[in-house]
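For the protein sequence lines, the chains are A and B, in the order given.
Note that the numbering used here gives residue 236 to position 193 of the first sequence, counting from 1, and the numbers run on in steps of one.
Note that the numbering used here gives residue 1103 to position 288 of the second sequence, counting from 1, and the numbers run on in steps of one.
Source of the hints: derived by calculation from the structure; they are not laboratory data.
Computed from a predicted structure; not experimentally measured.
A virtual CB, placed ideally from N, CA and C, is assigned to each residue, including glycine.
Take the hints with a grain of salt, since some may be wrong.
To give an idea of the interface, some chain B residues facing chain A are shown, with a C-beta separation under 10 angstroms as derived from the structure [said to hold, decoys possible]:
(1) L863
(2) L870
(3) F927
(4) S975
(5) Y1062
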Amino acid sequence: MESRPLRVALRVWVALVLAFLFIPILLIVAYAFNRSNIESWPMSGLSVHWFAVAWHDPQVRAAFWLSVRVGIFATVLALLLGTAVAYALYQFRFFGREAISFLLVLPIALPGIITGIALNSFFSFTGVQFGTLTIVAGHATFCIVVVFNNLIARLRRTPGSLAEASMDLGARGWQTLRYVTLPLSATALVSGALLAFALSFDEVIVTVFTAGAQNTLPLWIFGAIRLGQQLPEVNAVVTIVILLTVVPVVLAARIAGAGTVTRSARNV
Amino acid sequence: MTQAAAPAPTAKTRYRRHSVSAALWRRPWARATLLLTPPLAWFVLIYLASLVILLVTAFWQINPFTTNVERVWSLSNFTTIFTSPAYLTIIGRTVGMAAAVTVVDAVVAFPFAYYMARVASPRTRTALFVAILLPLWASYLAKVYSWLVIFTHNGILDWSLSRAGLGQVHLIYSNWAVFTVFCYLWLPFMILPVYAALERVHQSQLEASQDLGARTWRTARLVLLPLALPGIAAGSIFTFSLTLGDYITPLLVGGTSANFIGNVIYTNVGIANNLPFAAAMALVPVIIMAIYLACARALGAFEAV
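Okay, chain A solo, but in the shape it has when bound (with noise of 0.2 angstroms):
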């Protein structure tokens, strides 16, 4: 249908995209190298002096590590309950299923503003103290979905006849639960895993109302910007925290298919 001139059109409308999309993440990474702390263009020479500096600094690596802890216990929090949900879901048929379904991807429908905020003053009216646990709470409530999201999606796909055959051969629901339905799973529960921790290793919207006085990474970040302040570090942070977040993606992708990683898609 489309003419040669049409053609080309579309493909340098689709260099130019991708140039768009692609030279403001270059452009930082690139600068996460400069050698200076003035941060103009041209960059005046290359080094990794600001990793190191990143490295040394107490705040980043404590705020590093929360960030990390905060990830997996998200993690496996999501895990359990978005497993245990998609499961209920994709075997019963009860009055309320879809209800449950819109529940469930409410916190990624919603602004993330107001997750962040109603989960605010439901910890201020229950008097609970922020902290850890509170953020982990709130990146459970947005991870959950996206585990949910891809092992209902792999569980639709296959076929019912397997389970019913392994019973049919005599395993018992647990035997039937580990040996069939689990392994054929496995794949999307490790890429829902590895979605939802690079979901909550670089959540900031939600976080910055559920955090109190604590720092994960991302509001480290956040806080030297706004500050104005150690920005040659920034540079070497944020090329750190693209990092965690592509490389899990790129492996759910690899282990699950591309497709996986869209339908989760994600609130920032």
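Based on the hints, put chain B in the right spot on chain A.
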């Protein structure tokens, strides 16, 4: 004899274990309850409870002298929001920004998604798919920050413009900067659903249109665009909702006039410490999104994702 005695308890426990599994198997409702209770408890006791408390808090006030929250019902927060020109301007600016970002992203995304779905070879398509996913997932703050670096004084934008002999533009700390960054941030969220919608269009539908004498543009306008509309609507849910709720981008790249709904909420939780007012303001994007989702549903957005 000892050998014979040993298996007996094992068999017994095994029997008991089987009976648990069998009992659960015979009673699907028991299994469903077992599976659903923890996640539902989490969502109802934490998330839904939070939303309810948010809703309730919006009708409370703060004591202006003690800055304590007073649990007295009133509509005063909402009266303030909907009668004050300042807040109405902020709401208008936010919705206008969300609409502008949505339109620009749709226009930018459509040809890209079209190329991906209908022109590119399967290999190129996969490569483009990955090329959209990487910026989609790459750290949010990193992306916002990179634009700060681009816009900065004597940064790469100034340098390129002066190289091209175009003088300087001062985009940093303006609503134009906020607009650019929003368009950048949410573009992948628009491309993917539009791509999904265009991929599903049958070649025969386009051929039929051309057999009936329609030229390329006519086919695009009268056949392709309506078929892609659910995808655009689905993408616009993301671009619209994400813009409505963002306060970090305006805070970092916007200027003093970059005041959006999210910033009002953020300031009232943090600095002003007026949680009831922040809660009332937070209901504004919820209401806007509810209206928006109803419209998107009418356009078939939910079948597209």
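Any hints this thing doesn't respect? Which numbers, in order?
The structure conflicts with no hint, since it agrees with every one listed earlier.
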